[in-house]
Every structure is written in C-alpha cells, then in structure tokens.
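What follows is each chain in one-letter form.
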Amino acid sequence: MAISFGLAAIHAGFAPWVAVLISILVYAGAAQFILITLLAGGGSPVSVIGIVLLMNVRHVFYGPALASRLDSSSRRLPTPLLAAGLTDEVFATSISKLAERPGHEREYWYAGLQLGAYLAWVAGTALGAYFGKDWLQSSAVLAQTLGFVLPALFFALLLEIRGIVPWYVLAGAAAMTLIGMAVLPAYGAIVAGMLAGALLRFRRARGA
Amino acid sequence: MQTGTVIWIVVVIGIGTYLIRLLPMLWHDRDGKSGARPANWRYALDAVGPSAIVALLVLSFWDMLSPMPTWKAGMPILAGLAGVWLGKHYLKTIAWATLGGVLAYGLVVGAMG
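If you read the sequences in order, they're chains U and P. Mapping the first sequence onto the working numbering, position 56 (from 1) lands on 57, and the numbers just tick up by one. Mapping the second sequence onto the working numbering, position 69 (from 1) lands on 57, and the numbers just tick up by one.
In short, the hints are calculated from the structure, not lab data. Misleading hints may appear alongside valid ones.
Derived coverage of chain U by chain P (criterion: at least 3 residues anywhere in the stretch with Cβ under 8 Å from a Cβ of chain P; other residues may be distant) [claimed, not checked]:
| hint | region |
| --- | --- |
| 1 | 31 to 44 |
| 2 | 84 to 96 |
| 3 | 157 to 168 |
Glycine residues also receive a C-beta, built at the ideal position from the N, C-alpha and C atoms.
Pulled out of the complex, with its shape left as it was, chain U reads as follows:
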C-alpha cells in the first residue's frame, strides 16, 4: 500500500520528495490518498485541511480503546510516543494481538509494531515515488489496479478484527454508512457509521 501511495502521488503530479514528506509528516494511509486527490484537484487550503482532518477524526476513538488494553500500572513509554503511529492498520493489529501478550510486554510490543509499520510506510512510499514512474507508463493495468489497494486493505483489516465485536455491530455500521452516503459527504458518512456501531454495542451491553 505504501508503494501504491508513492505511485499515486507521482501519478497526481507531485515530486517524489513531496510524496515522501507527506508519509513522514501525516502518516495516515487512506487520508493521504484523499489529500493528494484534493491537492491535485486544486482544493482551497482550508477545505483540504478540514476534509482530511475530518477523515482522521475516527482516530479519536482508537487511542482510548488501545490505552485500555495496555497495562496502565506499569506504563514506561510516554503517551506522546505511543500515540504517534496509531493508524488503522496498527490499531487493528494491536487490538487483535495485544491480549496474547503478557501485560508488562504489551507497551514495547506495540511500540515495535508502530515503529516497524512507520518505517515500512515511509520506505515503501519512497520506492513507489522514485521508481514508479516507469512502471505506471508501461502498464495501464497497474494504474487501474492501484484503485483496489485501499478496499483490499480495509477488507483484510476487517478479517483481522471481525471476531472482536458482534456481527450486528459491523452490519449496523455498514448500513448506516450506506444511508449516510445518500445525504452526507463521505467523511460524514464514515462518522455516522462509526457512531452507529458504537451505539449498537453500547445499547446491547447495557441491556445484557
């Protein structure tokens, strides 16, 4: 996916070093694809910043959910460090695997996971951005296939975390997102889906 971001960035007309800078500073997979689309489309700075940050608002809920799984009694690493690499992929992997680790190891395991993911993301972006131009020009199929990278990633993440919450939560979130798409901009539909899932889980837990 990182390589595909590098490819998508140069395809949108950005210099390779700009693509790498975006991955270093923003480090938010799906939002980066939207960012380059908006920038290439000539969106105003205020609207670009607003839309991308709204896309990332879902991360608001990741930190508390993750922190509740870390052993707070033996916290050694500073929270600003633990928060830095909290992407969709790192979150999904963490919540499905942290419980398998002893409490005192969880923090370092998580820190290693996010460091590895960050370095791979930046290196992959550089690979795609600096070497991808020739690949794209030589293959129309590759250019079209780039469009499936994000859906493939999200489906893989769903398979990773599907056992963590009941099926009705996921179905409710999907249904509310679809409804939201009819009346809201994309980021609004995402937030609506998230809130629907959380509300369903909250009500069932309270009723249990």
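Once you have looked at the hints, place chain P on chain U.
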C-alpha cells in the same frame, strides 16, 4: 498549487492528525486515574474502530461501483476479495492478504482487457 503551499498544508495536517491521536489518549490516562469507566462504555469504545473500518470499506466500494454496478467492475472486485480472503486464511498477515487481493484484482482486470 505551489510547492510551498502544499508543504504548509501537509505540516498543518500532520500536526492535526497527531493531536487527534494524542489528546484522547492523554484524557483517557487522566480519567483512568480517577476511576474506571462503566463496562458498556468500554464495549462502545471497542466497537468504534471496527465500525470505522467497515465504514471505510463500504465507502471504497461505493466509489468503485458508482454510479451503477456493472459486471465489468464487479468481477475484478469479487476476485480481489477472494484473493484477500485466501491471503488472510493461508498466509495470516494483513500485508500478504492485501497483496493477494491486489494481485487477484489486477489479474482479472488484465484478463478482461
């Protein structure tokens, strides 16, 4: 758009995204010291991440299939999803599953011309 403008937009978004991740964790740490949340709140928090991922998946399919689903658009997607599932089932990791799906999608796109 000028490169200088792009850079400051990227810097602002980078700082904003970091704060979106950091501040809720800091608030959680502070609240955790004053007492645990009720269990139903914990369940609700746990549901938010998976719900976000489902929402992103729905949104990405919407983009690929709109304005009207067709067989030509649908067949590579079905192959790609099967590739993800096979990659996850046999190779276990998210990265291999994603790669498996992308390869399957690309193969069908290439075969359909």
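Results for each hint:
Against chain P, the region 31 to 44 of chain U contributes 5 residues with a C-beta closer than 8 Å to a partner C-beta. That satisfies the three-residue criterion, and the hint holds. With 9 residues bearing a CB less than 8 Å from a CB of chain P, the region 84 to 96 of chain U meets the requirement of three and the coverage assertion stands. Restraint check on the region 157 to 168 of chain U versus chain P: 9 residues with Cβ-Cβ distances below 8 Å, three needed, restraint holds.
In terms of the numbered hints stated before, the structure departs from none.
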